[in-house]
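Residue numbers (this note's numbering), protein chains in the order written: chain A, 1 to 574; chain B, 1 to 574.
Treat the hints loosely; a few may be bogus.
Just so you know, same-sequence chains aren't split out, so a pair can sit in one copy or run between any two.
What the hints assert, rightly or not - Keeping only pairs whose Cα atoms sit at most 27 angstroms apart, straight-line, the calculated DSS-like set for lysine-lysine is:
1) Lys-368 / Lys-44
2) Lys-517 / Lys-276
3) Lys-517 / Lys-269
4) Lys-257 / Lys-368
5) Lys-517 / Lys-27
6) Lys-269 / Lys-257
7) Lys-276 / Lys-257
8) Lys-27 / Lys-44
Note that these hints are calculated values from the structure, not bench results.
Since the structure is predicted, the reported quantities are computational estimates derived from the model, not experimental observations.
Number of protein chains: 2
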Amino acid sequence: MIIQALVRPGAYYDSVTLMQVASELLKMPGVEDAALWMGTEANKGILAVAGLLTPEVQAAANDDLIIAVKAQDDASAQAALAQVDELLTRRRRRIEQEYRPQSLESAAQMLPDAQWVLVSVAGHYAAGVARQALRLGKNVFLYSDNVSLDDEVALKQTAAERGLLVMGPDCGTAIVNGVGLGFANRVRQGPIGLVAAAGTGLQQVSARLHQLGSGITHALGTGGRDLSQAVGAVTAHQGLDLLSRDPETRVIVLVSKPPSPQVAEELLKAARSAGKPVVVDFIGHAASARQVDNLHFATTLDEAADLAVQLATATPAAQPASDLGLDRFAPGQRYLRGLFSGGTLAYEALLILRDYLPAVYSNAPLGKDYRLADSLVSQAHTIVDLGEDEFTVGRLHPMMDNDLRIRRLQQEADDPEVAVLLLDVVLGYGVHPDPAGELGPAIARARSRAAEAGRYLEVVAVVVGTDEDPQGLDAQVQQLEEAGARVDTSNEAAVRTIGRLLQSLNPTPTRSVQLAKPVNLDVLHQPLAAINVGLESFAASLEAQGAPVIQVDWRPPAGGNEKLMAILERMKMN
Amino acid sequence: MIIQALVRPGAYYDSVTLMQVASELLKMPGVEDAALWMGTEANKGILAVAGLLTPEVQAAANDDLIIAVKAQDDASAQAALAQVDELLTRRRRRIEQEYRPQSLESAAQMLPDAQWVLVSVAGHYAAGVARQALRLGKNVFLYSDNVSLDDEVALKQTAAERGLLVMGPDCGTAIVNGVGLGFANRVRQGPIGLVAAAGTGLQQVSARLHQLGSGITHALGTGGRDLSQAVGAVTAHQGLDLLSRDPETRVIVLVSKPPSPQVAEELLKAARSAGKPVVVDFIGHAASARQVDNLHFATTLDEAADLAVQLATATPAAQPASDLGLDRFAPGQRYLRGLFSGGTLAYEALLILRDYLPAVYSNAPLGKDYRLADSLVSQAHTIVDLGEDEFTVGRLHPMMDNDLRIRRLQQEADDPEVAVLLLDVVLGYGVHPDPAGELGPAIARARSRAAEAGRYLEVVAVVVGTDEDPQGLDAQVQQLEEAGARVDTSNEAAVRTIGRLLQSLNPTPTRSVQLAKPVNLDVLHQPLAAINVGLESFAASLEAQGAPVIQVDWRPPAGGNEKLMAILERMKMN
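So here's chain A without its partners, still in its complex pose (with noise of 0.2 angstroms):
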């Protein structure tokens, strides 16, 4: 077996003619294999593994074309490699044969109508093509890879200004208003809008909810570091934003790896007000529950399209229209006060409460940032556990010694900023043998206090506790009404309808990651055209759909010679 090779230094080609003359090479008698790779070290690693690695391949740069033939005989080789330019020149001049635009600028002259640029050339070229497409107010569709950090977050912030979206980098995919975009499934169309980070977290799922029967709307691509901390999510907050506006759009899918907590926290945040059901898949995230208001969190791929569907058929259940009773408190009133005596019931709803709140501080925080100065002294939102360690040495666990938690209670229903106090109340066997009857007269104390002084105090106990216990359940939930407190036997529900008041009490602006200038719904809703700068087949793909496109005849600017690419770019900024 022989193996010859060539190495062509720093010429420009593109991927898809390598793999077409690869294989016409494999067609030829006696070749055995062919590779036409760059000459980067991943790919002579993979030349190595195959047997073709001779020493000039070795010495081949980043940029060099590697031409490496493996054949029966020394003649079947040369022959392979003598063809090697024979073909390249042959697919040259079928190109030449169209007419196709050299620049972005003359594509887009022919194709006013394009709201689109895919760009898929080597990573190398691709952010300065989005730039030029951004520049003449184009939309981008970003699929190259290896494009640098720096310049994903130049690229988003300049689109987010100018309301335009930049899909990618490494964006393998996306649906808009019926058309695949880079790789896509022809999907039906349905009530569902899918926004996700990376390329088949959406093709699954979309893929999925076809196979269920159902549909979508938009599949928007975002690229896999838009939920990175230092992009932001800004792709994924401006495609939610679309989403919620779009009247077609009837259930969101928000796919995508685990994102920065902050992120996540911020895109959940706008996703809590997109108005209309929100099913997340943050891949091995942590949720504190299935569905936490309109939002439904699911745990796999196929999960989130099940639960889709489920959401989309479902007849909408008309909202509640809650009343929170927010004027009966007075201005400045606002913060939460939790006594537990359980540190289990304390731990669940500190976890539950970061659905509501952006921080909650106890003596057993979540988090080190919330832990209290002083356990003694509560600040902002507080949630103390009297039955930690510290609170018990030489005293009974407050399950049975009410003492410190009615001095506490009293101390906070004087703070002019508490709007609200949560206690659990824990009945059984060997605990207080009539914990209400002692904490009923505190509350009322505590309520009039505050009433007094002109406030209002909401207390809630969460009694734990069943029909046989010793205390009788029903008795201590009635002692406790009567001292004016709202009373649940669900930490859960007890808490999420604490969250929502205070959220109430505590407005934020409901999307923190302000939108400079939102992206026009038009973008979804005309007849897709896009230009195609890169990958051949992605223009044919759109042609295949109907959507009209243009290819350029790209090149890399300045024969790929750097310096004068900076130096055009920066002419160009001017």
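Assemble the complex: chain A is given as a structure, and chain B must be docked to it using the hints.
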């Protein structure tokens, strides 16, 4: 208003007595507030808030008793303080009128059937009492908190060696054979068994089960630190094992704040082999799915209870006698090699496989410990994302160009340790026009080469596509199946099937935390009898529930002198 205070240095007082004396003082004329607390910093802080902090109180040490009174005048305050000794003595006298054993040993002689010792003395002394109980062959319910981690580890190790349980320290609650220990709701008997680390988690779930009309067999507490790395969930493993063997328990519920990841993994592994449904609520823990075989993941306490009731009432589905066909594989075949073109599919596969395999390596791993040293060389179980940037410089994406995947497929198939190959095949616009046409023959070739070498190769293909895709979903599936691949359109379903197969090919001890000596099931089924050391109300509860109980008239050993205590302890050890 007059504040007066006394400090009694270094004497031991029972917390209940102190609470009762304080409430007697509060009934005296002119007394506004009264506190009998140990002189800890926390208590001094609370006294300061209450306006009861005098200079002598400020100077009190941890072991000193503070007696502080707020009264309308000097005479009332003086009268209250004068009353303290009288009240303490009266109470002491009442206790001495009953005959009570002074030691655990004599209590054990009085009630030889007692399987349990309840310990609720101050944390400082609690480990010593628990050690004594273990020496006497008793199980321990250790309510006390402020017990050191070292003591907990040592106690649980001793207990495990002797086939005894130590619930706690800081175990607030348990229900054994219908009798509540410590704090416990009165819960109907039923088919659900509980193991819970912390008190109120167990109480909330068991109360909810009762409210839902169901009930429990037993509810075993472990203490809040049991699921830490240091303790290693000794008690939780014992509890799970007991409930697995208990024929009355049809469903197990496992509740905890987030455990240490390694402990969680071991515990879930044990739960997988429980032979019955297990509902898991590791509050705030991200599960990869809602259900993995017999494990059902809940996100809140309410949901844990709901799920358990559903599972207990559902007709048990016949276990599918799934024939995994293990005998087709040659000895030594055991590893997975996944060759993905889609990053999100690869990521989801890694996440799901965590439920089945201890480690899967990748070029895009879940954690850096599992990063492949060389992306071109697989090790053990490996999933490669061939769409990662490193592979796509100057090369088409693997969804368009099958070359790289076919090369790697052959390489993996030739590895005698490989049992399963997993591929995703993504259809649609923009991708390869006939991926199965190229991958199919490569799969057939790989399988037949393995067969020639005496091996069986399981090839699984996840096909992402719709019946409207240009490639034709059915035709692609058919080609892959004809090549010998198993085809699924769900990534999750395919990966779970593979996971089960690989788990069987790589057997690990089903219970990697070996129980030194299983706890005898009698502890759950014999009528409960107990010895109580500490809070008398716990003895009163047991009596109220009809369980025989002996209260020990416990005093600190060696009058609380630590050096002497240590010497006494060492003498008993020998």
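Hint-by-hint comparison with the structure:
Taking CA atoms no more than 27 angstroms apart as the test, Lys-368 paired with Lys-44 passes between copies only; the shortest distance there is 25 angstroms, against 48 angstroms inside one copy. In this assembly of identical chains, the alpha carbons of Lys-517 and Lys-276 lie at most 27 angstroms apart only when taken from the same copy (22 angstroms versus 56 angstroms across copies). For the homomeric pair Lys-517 and Lys-269, the shortest alpha-carbon distance inside one copy (19 angstroms) is at most 27 angstroms, but the shortest distance between copies (51 angstroms) is not. Proximity of Lys-257 to Lys-368 under the C-alpha cut-off of 27 angstroms is found in both arrangements, the shortest distances being 26 angstroms within a copy and 16 angstroms between copies.
For the identical chains of this complex, Lys-517 and Lys-27 are neighbours neither inside a copy (54 angstroms) nor across copies (69 angstroms), given an alpha-carbon limit of 27 angstroms. Within a single copy, Lys-269 and Lys-257 get their C-alpha atoms as close as 18 angstroms, and across copies as close as 25 angstroms, so both meet the 27 angstroms cut-off. Within a single copy, Lys-276 and Lys-257 get their C-alpha atoms as close as 23 angstroms, which meets the 27 angstroms cut-off; across copies the closest is 32 angstroms, which misses it. In this homomeric assembly, Lys-27 and Lys-44 come within 27 angstroms of each other (Cα to Cα) only inside a single copy, at 23 angstroms, whereas the closest approach across copies is 90 angstroms.
In summary, the one numbered hint that this structure violates is 5.
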